[in-house]
Amino acid sequence: MRVSLRWLREFVDLPMDDPIEIGDLLAGLGHEVEGIEMLEVPFTGVEIARVESIRPHPDADKIRLATVDRGGTTQEVVCGAWNFDVGDVVTLATVGAVLPGDFEIGAREIRGVVSEGMICSERELGFGDEHDGILVLEGDYELGRDLADYLELPDVVFDLSITPNRPDAMSMLGIARDVAAKLDLELREPAITITESDPPTKLQIEIADPVGCPRFVGREVRGVTSGPSPLWMQARLRAAGVRPISNLVDATNYVLMELGHPTHAFDLDQVAGEQLRIHRAGADDTLTTLDDVERALDPGDIVISDADGIVSLAGIMGGGPTEVSDETTRVLVEAAHWHPPAILYSSKRHNLRSEASARFERGIDPNLSDRAAARVAQLLVEHAGGEAATRIVDVYPEPAESWTVELPVSEIERVLGVDIGAETAAGLLVRLGMEVSGSDPLVVLVPTARPDLTRPIDLVEEVARLYGYDQIPETLPHGTGGGLTPDQHRARRLRAVLMGAGLTEANTLGFIGASDLDALGLPEDDPRRATVRVKNPLSEAEETLRSTLLPGLVKAAARNVSYGLRDVALFEMGRVFLHRPSSIDKRIPDQPPHLAGIMIGSVSGDLGGADREADVFDLTAVLDGLAVDLGWHDLSFRQAPVGGLHPGRSAEVVKGEEVIGYVGELHPAAARSFDLTGRIAVFEIEVDPLLAEPPWWGFRPPSVYPPQKFDLAFEMDSAMPAADLMAAVRSSLGDELESVRLFDEFDLGGGRKSLAVTVAVRAADHTLTDDEAQGFRHTIIDHVQSELAVKLRGGE
Amino acid sequence: MDDLDAILGSAPERIEAARTLEALSAVETELLGRNSVITAQRRGLGQLEPSERPAAGARLNEAAQRLQGLVDERRRMLDLEAEDRLLADDRVDVTVARRSLRTGTSHLITQTIDEIADIFTAIGYQIADGPEAETAWHNFDALNTPWWHPSRLESDTMYLDYGDPEDEILLRTQTSTVQARTMESQPPPVHIIAPGRCYRTDTFDATHSPVFHQFEGLAVAEGITFADLKGTLSYFAREYFGPDRTIKVIPHFFPFTEPSAEMHVSCFACDGSGCRVCSQSGWLELLGCGMVDPNVFEAVGYDPAAVTGFAFGGGIERVAMVRHGIEDIRHLFDNDLRVNEQFV
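As you go down the protein sequences, you meet chains A and B in turn.
Just so you know, we're using numbering that gives the first Met the number 0 here: the first sequence kicks off at 0 and counts up by one.
Just so you know, we're using numbering that gives the first Met the number 0 here: the second sequence kicks off at 0 and counts up by one.
Computed Cβ-Cβ distance ranges for the label pairs, DEER-style:
(1) Arg-97/B - Leu-564/A: 15 to 25 angstroms
(2) Arg-97/B - Leu-791/A: 36 to 46 angstroms
(3) Asp-525/A - Glu-165/B: 29 to 39 angstroms
(4) Ala-96/B - Ser-561/A: 22 to 32 angstroms
Just so you have them, the derived chain A footprint on chain B, three or more residues with Cβ under 8 angstroms:
(5) 154–160
(6) 187–199
(7) 257–268
(8) 279–293
Hints listed in this document are in silico derivations from the structure and should not be mistaken for laboratory results.
From the three backbone atoms N, C-alpha and C, an ideal C-beta is built for every residue, glycine too.
Could you put together the complete structure from these sequences and hints?
Here is the structure:
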């Protein structure tokens, strides 16, 4: 909301002038200052003058010579406009005046006649767009006086963001009330005086929907003449961000800004039957609103009908025919209170937000409606020559009443941490317009303008706001014991391992579409297809929550490749969403954290040396290292086809007996759908199994005796996984087996292959003899050959 | 015996004159080998009188030892010289790394979350987590948001097609959900920081992302006050933005706190005098905060007469972007390595 400093000063004598200081004051009251605008006088040397006489130009048909009175002195000016007559009050740019655009006015000869100045249009003066003719003023203006005196300039405008709990603050008077309370100054409310004349109005109002419309005040003002509002009113409206239209419309807008209560002006002659009925719209009703849009209404919309049908979408926008116009002579002033949620929904549904709807949806003071209607009527009488009718229609079946809230004094210190005293607190509340009795608890009568104050805590907030948040000290309490949990520590460690392995963390948005799963080539029965759908997705391509991190990560990698990067290694840790109930709350979907990685491009070689293309084994190494680093020695890879991956280069990641994910290379077809080529190594695993507390293996002091090493080569079917051989070797011996490493693999032809391992054995308490080592060797060979269909190569 | 003296006299010069290991070996053979004077004299010892033999033998040994010592010393010198020549040949230009240690970086959002977590665990907070797909109850009702509040509309909140329609499952729009989840599951006192992902129906632009991260702070105990809130935020501002930072809190409105406030921190770039970073104001708006509304306590089964608490919530992206001078939030979600790897 735009707050004019000059307008504010009408209600409160602010002791300061510095806009920054005033801005801080307003912000300190909870009205965030989004901007401060300095409004300057856009001209110099423009005075009020009256046209005394007009004569034709001797040498030109289209221009005339006007003699004007500047308050004692007269002079002649040339004027090309024809929209004025003798006796009209106009604005005169005198010789030496400077108009907007650095346009300096000199004594100028126009076809042989010297023009001493210029009669100005609105646009030439820098306000408004009117340029069809010169500005003709109506009302009381002192001749010879500087025009700037009537334009409320210079001024400072504060653009405030009013929080939704403060409908009362959405007005000049509301802000003034806060300021006056804060600085303990007197608040001058506008005097509303109005004389009514008979006959009484015939207006009839019926409220069929008292929930939607708790109060409706109608007043008739007859005999009005549409015309421009006085300059000061136009200037104030402009400062508040409202375009002046006519004295009839401006009166309602002025009151909207001044008191914060929206009102509406109907042309009463256009209201069929001089009767209004407030009700909910029917499902098939339509209304063509002022902006010429035909709108389909629904039963959530509150509407106003006259004898012929719906004339207005209540609180939001009227329909064309009953609006005031230049021809209007009889005005019906409406000041009503509408149900805030109804206005909120209607304004959102019809996408019609206005100054009025913004106030109604927050909830204005229903006890302000009669004053708002009277204030509009007063302005119409004063500035549009109208006459207020007797008989005010005020339908208010259940008048809102003030309520009391009891505030225990101790509650203030309990919440704020500072003892400001009962008397100070009571004083602050009184300044805000509340009545306070009692000493403890304080019994506080809250005005209906403050629907936000219903509980003791709300009053504590008001006390704190006026006392000043800046007056409250800073103290630092400590928690009862902090730190990361072991699994939180392990999650950090997990990231460190991945970073050390050369992977950079990604953070992708987390929405996927069916097209992503199709691009991966997932089969129809793949569990990752059981996604959770978003009802109102950002786009069709993002219609479901991710069931896998893979699409997001592959796209991120592909984007890097498209940026010209060659080697890309990324990981992401984040929740996936599965279509099954969560263990923490059955109502919500399961959303376990996953970890995924991708590696593309080369693993760097020497300068001039060949780079090696990253492949699945770079990621099995990462996963192995990760598991060991987190204390797990039970991770293995089980050769298996995985949807979306290369059938011969993929495996399930198994921890203990549980499958926790997959590792492999993208299927070339899947890679192509993401505009990638070559080997694309990827993995995705559940994180929680790795972050669990690992078993403690027990400390073993290292042996001081030397190891014995020997190699073994076995022949077997090509399909046999190397992991089976390794496992069989490992299970052959106890603690004496120090290490087993696969060091050779080759194809023997005929569906057979050879795998060679190197084995190290070592005893804890003595140097192994050659015979002992031979014994271990035979134990291994026997065990492996009995477990697996393999044969030791080279005899025995 | 004069021969021996002569040899001993000339030997150092001859040994020193050997320029190569081969030449030195030749000199060694001449001085100490089978055909050398010393060997010849050793053979002749038997012909001496028995009484003269020990002295003569000792003299020969001493001479042989001295010569051998000189030769060994020279050989060591020549070895070192030979190694020096090898080293001189074994020269590489080490000014440019020819191999790279490829290390990755964590995401700026993760780094920021970790840093904030560390700041608060140091004063006794724990880090809490909560689901991202949530019930409307945890996201709105428990947090005192009226049923008609516009933030519930589909124009602001993403709803999920899941479960019982009565439960209204949605993507949480704020980490404040963890307030309710935590208090439901444990009695006071509570001191937690809950960082995490949030979602809103926002169009992706320079300052909005439909997915973003927040950190929620919650302290509930007997005797927690607004002064404690101010002190805690002040501590955070100093830890995160530097020891000279000050804060101001100005009144604001949130449904789940009362009183509510917005916390501003003095600009770290200009020390409060006004610059581009702070839009000339000298202050940076950082987060929303306030005292936990009694209605929230009632919703989760805490007694508002027994405990008080404060809560605050800020944007992870916001604080990180402010501190690192990033002007477009999309940089944080594009996963361009050239961006991500700048933050180590």
